[in-house]
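**Q** Chain residues, written in single-letter form:
2 protein chains.
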Amino acid sequence: MKKFKVTFEPEHKTVEVSPQTNVLQAAISAGIYLNSHCGGEGVCGRCKVILKKGRVKTQSTGRISPQEKEKGIHLACVTFIEGDAIFEIPPDSRLNLQKEALESLHLQFKDDYTETPVLAFEKFKKNYCASPLIKKLFLNLGAPTLQDRQSDWERIQQELRRRYNISASGCPLSELRRLGNLLRSSDWKITAVFDETGPKKDILYIEAGDTTTKNFGFAFDIGTTTISGQLIDLNNQKVLASKSTYNKQAQFGSDVITRIMYAAKNGGLEALHQAVVLDLNEMIQKMALEQNLDLNDITCCVCAGNTTMMHLLLKIDPTHIRLEPYVPVANFFPVFKAYEADIRINPRGLLYCVPGVASYVGGDVTAGVIWTGMYESQDLSLLIDIGTNGEVVLGNSEFLISAAASAGPAFEGSGLSCGMRAAKGAINKVKINPNSWEVSFETIGGAEPLGICGSGYIDALAEMLNAGIIDKGGKFDPKADRRIRSTTEGKEFILVEKNNSASGKDIVITEADVDNLKRAKAAIFAAVSILLVKLGLDWKRIKQIFIAGGFGTSLEVNNAIRIGLLPDIEREKFCFIGNSSLAGCRSILCSLEAFHSACEVAKKISYLELSLEPQYTENYMAALFFPHTDLSLFPGIN
Amino acid sequence: MKKFKVTFEPEHKTVEVSPQTNVLQAAISAGIYLNSHCGGEGVCGRCKVILKKGRVKTQSTGRISPQEKEKGIHLACVTFIEGDAIFEIPPDSRLNLQKEALESLHLQFKDDYTETPVLAFEKFKKNYCASPLIKKLFLNLGAPTLQDRQSDWERIQQELRRRYNISASGCPLSELRRLGNLLRSSDWKITAVFDETGPKKDILYIEAGDTTTKNFGFAFDIGTTTISGQLIDLNNQKVLASKSTYNKQAQFGSDVITRIMYAAKNGGLEALHQAVVLDLNEMIQKMALEQNLDLNDITCCVCAGNTTMMHLLLKIDPTHIRLEPYVPVANFFPVFKAYEADIRINPRGLLYCVPGVASYVGGDVTAGVIWTGMYESQDLSLLIDIGTNGEVVLGNSEFLISAAASAGPAFEGSGLSCGMRAAKGAINKVKINPNSWEVSFETIGGAEPLGICGSGYIDALAEMLNAGIIDKGGKFDPKADRRIRSTTEGKEFILVEKNNSASGKDIVITEADVDNLKRAKAAIFAAVSILLVKLGLDWKRIKQIFIAGGFGTSLEVNNAIRIGLLPDIEREKFCFIGNSSLAGCRSILCSLEAFHSACEVAKKISYLELSLEPQYTENYMAALFFPHTDLSLFPGIN
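In order, the protein sequence lines correspond to chains A and B.
For the first sequence, this note's numbering begins at 1 and goes up steadily by one.
For the second sequence, this note's numbering begins at 1 and goes up steadily by one.
One chain only, chain A, in its complex shape (with noise of 0.2 Å):
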């Protein structure tokens, strides 16, 4: 069949593909991600590229000005390639232009959520027994002696027994193949390797010699925006490294949703398992090449995600999620080998996945509760999990309930003009002079400043308020005109100037941003509210509010109180703890206590489909206003 070549720029990498390929797939198969929120449906007009030479067909959008026609500027997903072509890829159109950023976002682990516990988090948090998931044994066998004829396979059960009244009765056929030159070129001597979990130890491997000091595994949090990934040494649950990158299912849409409807197409389903295990797979072998591990020595890994994400992971079709009446494959997985999933770790390692709720509460939701411990406590604590979904679970030690409030990316800084994660870089302070409207702002890193994270917009539009520069509705002062810029779209303040921005670009707040800020906050707000309508409650009742997400530290409660994202209680209820969801995997994978802990908690969260709640939009409907339309909420606010 003919072939086409198609080059994008500036890389100048050259692809040779079919006649009518689109163009956001001949990106993908050169390794070039674009921005695609939409799925490559033709939407969310992210995917522009500049067509520089050769011939395509391209279909009409909305999302393409004649101004841009002009340019040679095409949505990448609807445009086809009919000859050989070149492209250039504008910074805006990529999914990596914040890479580098990324990249040195494993740096806050430190200090967020790994050696020391923020803020008083210390004193809820719950304390595991440490005991890992996956156990090595090592068993000093002695020689067989006539008098002594056990069979190789029975003289381990047998020290097994003996020595840690272990009673293995499973062991794989491939690892009783090697078992007996194994044992004789070991001087017999041997390590054990086994499954902690199951009612039935099973060996999952045995090695020669005594590595019981080798074992490793990794926690992850697979969201639906950015994957984090720790590596732990088992046997002292040291944390010996830590990294963030975006998922790479991002080039098919940017939720859950588009996602799943992606997944329904044809290699849909195992492309986005493989881009999602492409990160996880490059994740492991850099840290485990920078701590100068043996990959074999990676005996588990610990997931935790959304429910779609789980089942991609697992190349499981989530098509049933998003179709009445919203049901996963499963919530609870087995336990399977690791390279089942693909993930390349020890060929005989263990995939772990952390149990989910329901479709829309996952075991990133789980791995929260357990990492704050608030199903122990007599105390009514919150979570908050501000990320793509904004789940909460409200309860104690006799009851859990949770949510899924749908706020969409916005305080994890996408889907705004000037959005991007908590990274180098991003502002996570703003600060505007009532009077004046000048702006002071810190950023991570201390970096030029490249965007806004959530936390900056949380201050922004606090300040904002205060400043009147927006009103309660969030509509900006019509008679504002210091750093206020009127465009096509609506009217935007500009946060910092081009000239002292990283992108060379105004960093600014537009109408939209507000608007979408506002929606995802009273998502969240009227979420909780309803938990405590239904279970008879008011906010005062709760003794803490566990606040999980990419703020890191930096979120300034008061800030959040302004615009009535979180609730006016004593502050010192307000307990922010990071990415709980790699936290609580951390947990799991050092710990069987935990592990369990998160089956029995999975269990016995029970769900409120807010969507079946007719009270619901009523309460969104209330929290649409700057703190909200309820003031006897706020009564620190007027």
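Take the hints with a grain of salt, since some may be wrong.
Remember, identical chains collapse to one label, so a pair may be satisfied in a single copy or spanning two.
[Said to hold, decoys possible] Distance condition first, Cα-Cα at most 20 Å in a straight line; then the derived SDA-like pairs of lysine to any residue: (1) Lys603 <-> Ser167; (2) Lys13 <-> Arg571; (3) Lys135 <-> Asp297; (4) Lys200 <-> Ser169; (5) Lys429 <-> Thr510; (6) Lys603 <-> Leu160; (7) Lys603 <-> Arg161.
No lab work stands behind these hints, which were simulated from the structure alone.
Using the hints, position chain B against chain A.
**A** Using the frame of chain A, we list chain B on its own:
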């Protein structure tokens, strides 16, 4: 690389081989099976071929006479191809000479030990509760609704708990991947398939609709010489089909020691493994085809064999079985997927291996004990399995002790000048007129006589003793002339003249045959004697003697006692149980109770290594007479 064409006649089969390939290997790759008792070491002289054309290099051995050399006869295993060549295979060199006779062997099963146990066995035999090792459960799940939004997998788990009180935690990832579509296309009616043997009730696989009526399994006795199998309907324990075949491993050696040595050669283990697996798969396919069954409805196999056979089946190196201190890799094997051992049934179906006791007392003996039920009786019982190894087990519900007599395969008709298995055309009953030395005989199936099987030899020996043809030392009467012929290798008694035999050759009993049989019976008798001595018991204490092996029902007890194979005790204590290993496998396949008993029994049976017993040689020497040197043991014979 240069290749030579080698053609085998009369099949006219041609294969291409590399220079220096030996003729035995060339024959194997042409699918022609030659006798090779010694496993290709140039020792046994069984693989004679006639060079018709071409150039070879041969090693001289004492096995080819000058006359044979002149006729172009070579030993295939030490003759190497040096150019295109044509060979003729004489019938005597063929392993499958008796193929046709053997094919009909399964006809015998019905009489022997399938539908109606023989003789008085019914009164001893243990009846196990029917509960197959693999269970199929039908589940009518009902579709999810907005009020009942459990995940697909939890829906299955809940129904299993509710309806069957089963807590299933495991399910293969491949099955979860199919689940969404499977449930929705089958109207939420499915069948879940379980392994019943483990502590964990994990789902093996899931099928659409109600397939509970389709649950079939195979029982296999894997003998060194013969493999016997039965296809069982696990829903009603009915035997649907039975078959036997020669073990194709025989081309690599006739006994376990030769096979173990062959396994150590490059590619040897793989060749031995593939040979037995090919036998099993051919039998499975044939029987399934005859019964019009889909291989996917075959859910499991239960296999028993001596310890070496089990290692070779599982492709586990058996080397250390024959090296001091004689340690196998395993006696108890975990449950494997059948495909792991290359057995072709349902790809998720299981392989259960009946546990063995020691290197020379395997799972076939355990299965025999299970079949007899002797481990539950207060009475002292003796099980003698007169196969290639000659294993014996003595005991009751209190204790069980075993030994392997290394009797050799004489009573299986192997290694004797006119020996054959108890198959169609085998002489199985012999009478000799003590005065005229006229011979009368019966053959299996009433066919023209082809050779002599074990029971025929026992009759013949006893009658020759009674007629004075041989003395109690096994020597031929020097004055005898009728029906006796002298050859270069000694005397031989002509049982059937060539014009009356199916093979066109005289059917004879040679001095070497008599000696061989004498040593075999002495080994078995001495083994039992030692066990009795060890326990301070005598023959009279034995309440039942179970005789297992290829004799079928035709063994004449008085004759077996006359030659000293069996003790001279009350005749009603003897019970012939045929292939008790296969029958035991069938019990295990159909009964979880029998499965668990087999595990307990194999642990309970202690093993006496005869080669370490100084008294054994003494006892063996004493038994090298017909019936014995100690005639007080045989009061009925004088």
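**Q** Find the hints from earlier in the document that the structure breaks and name them by number, from lowest to highest.
**A** 2
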